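We have chain B; now place chain F onto it with these hints.
Protein chains: 2
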Amino acid sequence: MRVLILGGDGYLGWPTAMSFAEKGHEVCVVDNYLRRRIAMETESEALIPTPNLADRARLYAAAGGRAMDVKIADCADYRLLSQIVAEFQPEAVIHYAEQPSAPYSMMGFQAADLTLRNNLGVTFNLVWAVIEHAPDCHIVKLGTMGEYGTPNIDIEEGWIEIEHKGRKDKFLYPRQAGSLYHTTKVLDTDLLWFYVRTHGIRVTDLMQGPVYGLSTPEADIDPRLVPNFHYDDIFGTVVNRFLVQAAAGIPLTVYGKGGQTRGYLNLNDTLQCVELAMQNPAKKGELRIFNQFTEQFTVNELADRVQKAAARLKLKVKIESIPNPRKEKEEHYYNPAHSGLMELGLKPHYMTEDVLVAMLERILPFQDQIDRGRVMPRVRWAW
Amino acid sequence: MRVLILGGDGYLGWPTAMSFAEKGHEVCVVDNYLRRRIAMETESEALIPTPNLADRARLYAAAGGRAMDVKIADCADYRLLSQIVAEFQPEAVIHYAEQPSAPYSMMGFQAADLTLRNNLGVTFNLVWAVIEHAPDCHIVKLGTMGEYGTPNIDIEEGWIEIEHKGRKDKFLYPRQAGSLYHTTKVLDTDLLWFYVRTHGIRVTDLMQGPVYGLSTPEADIDPRLVPNFHYDDIFGTVVNRFLVQAAAGIPLTVYGKGGQTRGYLNLNDTLQCVELAMQNPAKKGELRIFNQFTEQFTVNELADRVQKAAARLKLKVKIESIPNPRKEKEEHYYNPAHSGLMELGLKPHYMTEDVLVAMLERILPFQDQIDRGRVMPRVRWAW
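Top line first, the protein sequences correspond to chains B and F. Residue numbers for the first sequence follow my numbering, beginning at -3 and rising by one. Residue numbers for the second sequence follow my numbering, beginning at -3 and rising by one.
Errors might be hidden in some of the hints.
[As the list claims (entries may be wrong)] Distance ranges between label pairs, derived from CB positions:
hint, chain 1, residue 1, chain 2, residue 2, range
1, B, 328, F, 63, 49 to 55 Å
2, B, 60, F, 162, 39 to 45 Å
3, F, 159, B, 281, 28 to 34 Å
4, F, 339, B, 368, 53 to 59 Å
Hints were generated in silico from the structure; no laboratory data involved. Just so it is clear, the structure is predicted and the values come from calculations on it, not from any experiment. In this text, a Cβ means the ideal position worked out from N, Cα and C, and glycines have one as well.
Pulled out of the complex, with its shape left as it was, chain B reads as follows (with noise of 0.2 Å):
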């Protein structure tokens, strides 16, 4: 297939497009560097350095991998990337390209405002690149699991049923995110499912938990393939926060009470969803979700684990808990569903021990390289 990765230097992108050129599909990725901009900007640079764009590809086809076609150029402008659809005419976009940062989002006026406009205008060019230039073309859009928040009922996939006071109707799931970053892809599914609904284009959305690993099969034949791997509280999750704070020998810093649980996956799950949602897209006028994880862990489980997993390397770890820098419930009711993505073939990689212990030893070496300063919050949520 023909498929446009927007966003091809992100932490996903990058493997995607590895993985997407290996099993012979034509692949244009798009990029700008916003987040590289901004991680220089927040001192949040990622901990193994990489390649550009241009030279990771350069580097992967080297290598013996696929040729792709690179395009350094900003989606939110409309002009650049309707003309990049309209020239590719691409049968999937694979739409990554958004802020991805909670935390940076919330640091003030300017961020937020950079947060709201890249993320809306991209989601809203690409449906009008789509609808002007390639109608049958399906849009694969990386939504989050943080779109639902934690109601306390069940969380279902994209959609439920309500019945009030003795009539029933079907609507999208309710969603309240946490920070203005996962506000934003609240608005991004509105807006899909308007134009879903009014010009019957095709989109998968993509509700996806926190995503950890560093290894795939593509980004495994040379060091320079290696994924983005920030630890820092801009742009780090928390298992690769902890496991840096493991590596450094620094407490494992729990946010609060440590209950807060979410959904995630390994790396290459996201992989396979991303590539099973192309390879069975959604109908015209459909807007299709799917939540995408494999496990749900609280932050005390994932510290746990790390703890452990540190242990096998002889590493001593301590936990604590610190103030909370975000707004968010540290113990909540947590039940969302994911049978979607199995029912088309999904086999989960779990979180084990060994893939946490194999990420430590990717990090060991860059031990002298961890800025202590970044690991700790730097951004409130409100003040």
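Just chain F, lined up with the frame of chain B:
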């Protein structure tokens, strides 16, 4: 109270400004003439000429009204809006500053882009101007009943308790709108709710139905103080369109089956509702939602009412169904709650035959200026 009115040159903004000034509030109106510009570009100018906002304010003061502060500025420009909020230090902001036309928002990429950027951008800027410069200020935001669409269950006032698999939680009532314009208001509500939760601002979101009427106590002082009267397919409501068709001897054009039901209200009731919301502010950290309309009609019922009112003026009026340019249900369940504003003291003005006759009498002198080309639909929802 010190009241900032964004969109003060609009159909609602201008009568609100006069009404609040008359009641002794200190009023500052802001507008960038976006509606006038779009009206020119789309050949949708108002039937009755109106002076610009600065002239209106001068005329009103010269006629014995109270002075108000007029700022011609684009609220989508954060620098300008935040400066106005910082200097004026409003106790309430009435936020009408949105591109209000559903058909315009469906004209194509450029119009949709302008609508999304302007509407969401102004709401976002207002939230931040309030957070940074007037955190106690109450935001009274004009939403729309159109946010709810036409679900098959009763519409509540903004919130719904959902019981699902034996557990319960309260959510924003699910919303899915029929145009991009209405969808921007869905997104506005989500954005406001996010910042209410995280930053503790106070917001009232008024889910208003279509408004009709040209007469208010202040507008009646001088004919040049008349509210904007659009009858075209872009800015004209169905009521205005039918009245103008009746005045021009053109058949009333019902879109499709005409069973489309909406909640309507008189312009004087909008003034009451906004004043009631302002005088009884939402608490800090509260998003309060009212459904703002007083009676509901199908399009066919409106056509019958206009036909009867026209008969009193010896105008013979035919009713005709034409293909529906919109994507909407032409027959549907509709039972929205609207008790909140009544409980605050709203005294409704209903759509009597006298009210419609008075509007027709106001229109008839402009009979010769009616452009028949612009009463028929010029925009289709999808192609």
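Hint check, failures only: 2
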